[in-house]
Amino acid sequence: AQKITQTQPGMFVQEKEAVTLDCTYDTSDQSYGLFWYKQPSSGEMIFLIYQGSYDEQNATEGRYSLNFQKARKSANLVISASQLGDSAMYFCAMREGPGYSGGGADGLTFGKGTHLIIQP
Amino acid sequence: TAGITQAPTSQILAAGRSMTLRCTQDMRHNAMYWYRQDLGLGLRLIHYSNTAGTTGKGEVPDGYSVSRANTDDFPLTLASAVPSQTSVYFCASSADRAGTGELFFGEGSRLTVL
Numbered sequence: 477a478q479k480i481t482q483t484q485p486g487m488f489v490q491e492k493e494a495v496t497l498d499c500t501y502d503t504s505d506q507s508y509g510l511f512w513y514k515q516p517s518s519g520e521m522i523f524l525i526y527q528g529s530y531d532e533q534n535a536t537e538g539r540y541s542l543n544f545q546k547a548r549k550s551a552n553l554v555i556s557a558s559q560l561g562d563s564a565m566y567f568c569a570m571r572e573g574p575g576y577s578g579g580g581a582d583g584l585t586f587g588k589g590t591h592l593i594i595q596p
Numbered sequence: 113t114a115g116i117t118q119a120p121t122s123q124i125l126a127a128g129r130s131m132t133l134r135c136t137q138d139m140r141h142n143a144m145y146w147y148r149q150d151l152g153l154g155l156r157l158i159h160y161s162n163t164a165g166t167t168g169k170g171e172v173p174d175g176y177s178v179s180r181a182n183t184d185d186f187p188l189t190l191a192s193a194v195p196s197q198t199s200v201y202f203c204a205s206s207a208d209r210a211g212t213g214e215l216f217f218g219e220g221s222r223l224t225v226l
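Going down the list, the protein sequences come from chains S and D.
According to my numbering, the first sequence holds residues 477 to 596 in order.
According to my numbering, the second sequence holds residues 113 to 226 in order.
Bound conformation, chain S alone:
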């Protein structure tokens, strides 16, 4: 079974609209972390936002927020007021185990990504 599932291979969104990128995860660990990365066409991996499994509040970073629904094992990324520069690949990822172990022996497990295109 996949540990990280991103069900939207591609999305087209009008500029200034809000965007929700779906991510569900599978783990039996009680302590874990969820991440979103952005990969623009230039290819670099840009860290966007993090949610710990014990965090009670949804994480927010500027226009990015993470809609964390623990019981459903979902960690959707919400981008408010989308901009043309938001066009990119977006990856959801999970770290199993506590963060102090330096990312864990297995690092992060990534989903297959969602290709987001913002249209003017």
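What the hints contain is simulated information worked out from the structure, not anything from laboratory work.
Hints may contain errors.
Now the in silico label distances, taken between C-beta atoms and shown as ranges [stated by the list, open to error]: (1) Ser196(D) <-> His591(S): 21 to 27 Å; (2) Ser556(S) <-> Gly152(D): 41 to 47 Å; (3) Arg129(D) <-> Gly538(S): 42 to 48 Å; (4) Gln506(S) <-> Thr166(D): 23 to 29 Å; (5) Val194(D) <-> Lys546(S): 39 to 45 Å.
If we take Cβ atoms under 10 Å as the criterion, some of the chain D residues that face chain S in the derived model are [what the hints assert, rightly or not]: (6) Thr117; (7) Tyr147; (8) Gln149; (9) Gly152; (10) Leu153; (11) Tyr160; (12) Glu171; (13) Val200; (14) Phe202; (15) Glu214; (16) Leu215; (17) Gly218; (18) Glu219.
The beta carbon of each residue, even a glycine, is placed where N, CA and C say it ideally should be.
Since the structure of chain S is provided, determine the placement of chain D on it from the hints.
Below, chain D without anything else, positioned relative to chain S:
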């Protein structure tokens, strides 16, 4: 701030030849990783190292080897390249004993095996 430096940026390699992708970090992170990225498959972990002197296998280790002689360097070697190893390779690191386990990535190395 350099962060993670990968070399080469891109390379075309004949099948059967060997190749080493270099990765150097200046953040003194203990943990380092090699991922490969393929269209439709996301990023998959090849090998990792939690600290200098130790390495481990990830999800797709076959055909690859790594070494970790010191904290800063984590080279990835393809002993005898095959076309299925055509991919974009990312080196990454993470800090331990602090924070989230966020990965810091290099710029990537695009390898084409013909």
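Taking the hints in turn, this is what the structure says about them:
no., hint, verdict
1, Ser196(D) <-> His591(S): 21 to 27 Å, "holds (23 Å)"
2, Ser556(S) <-> Gly152(D): 41 to 47 Å, "violated (28 Å)"
3, Arg129(D) <-> Gly538(S): 42 to 48 Å, "holds (46 Å)"
4, Gln506(S) <-> Thr166(D): 23 to 29 Å, "holds (26 Å)"
5, Val194(D) <-> Lys546(S): 39 to 45 Å, "holds (42 Å)"
6, Thr117, "violated (13 Å)"
7, Tyr147, "holds (8 Å)"
8, Gln149, "holds (8 Å)"
9, Gly152, "holds (6 Å)"
10, Leu153, "holds (6 Å)"
11, Tyr160, "holds (5 Å)"
12, Glu171, "holds (8 Å)"
13, Val200, "holds (7 Å)"
14, Phe202, "holds (7 Å)"
15, Glu214, "holds (5 Å)"
16, Leu215, "holds (6 Å)"
17, Gly218, "holds (9 Å)"
18, Glu219, "holds (6 Å)"
Violated hints, in rising order: 2 and 6; the structure is consistent with all others.
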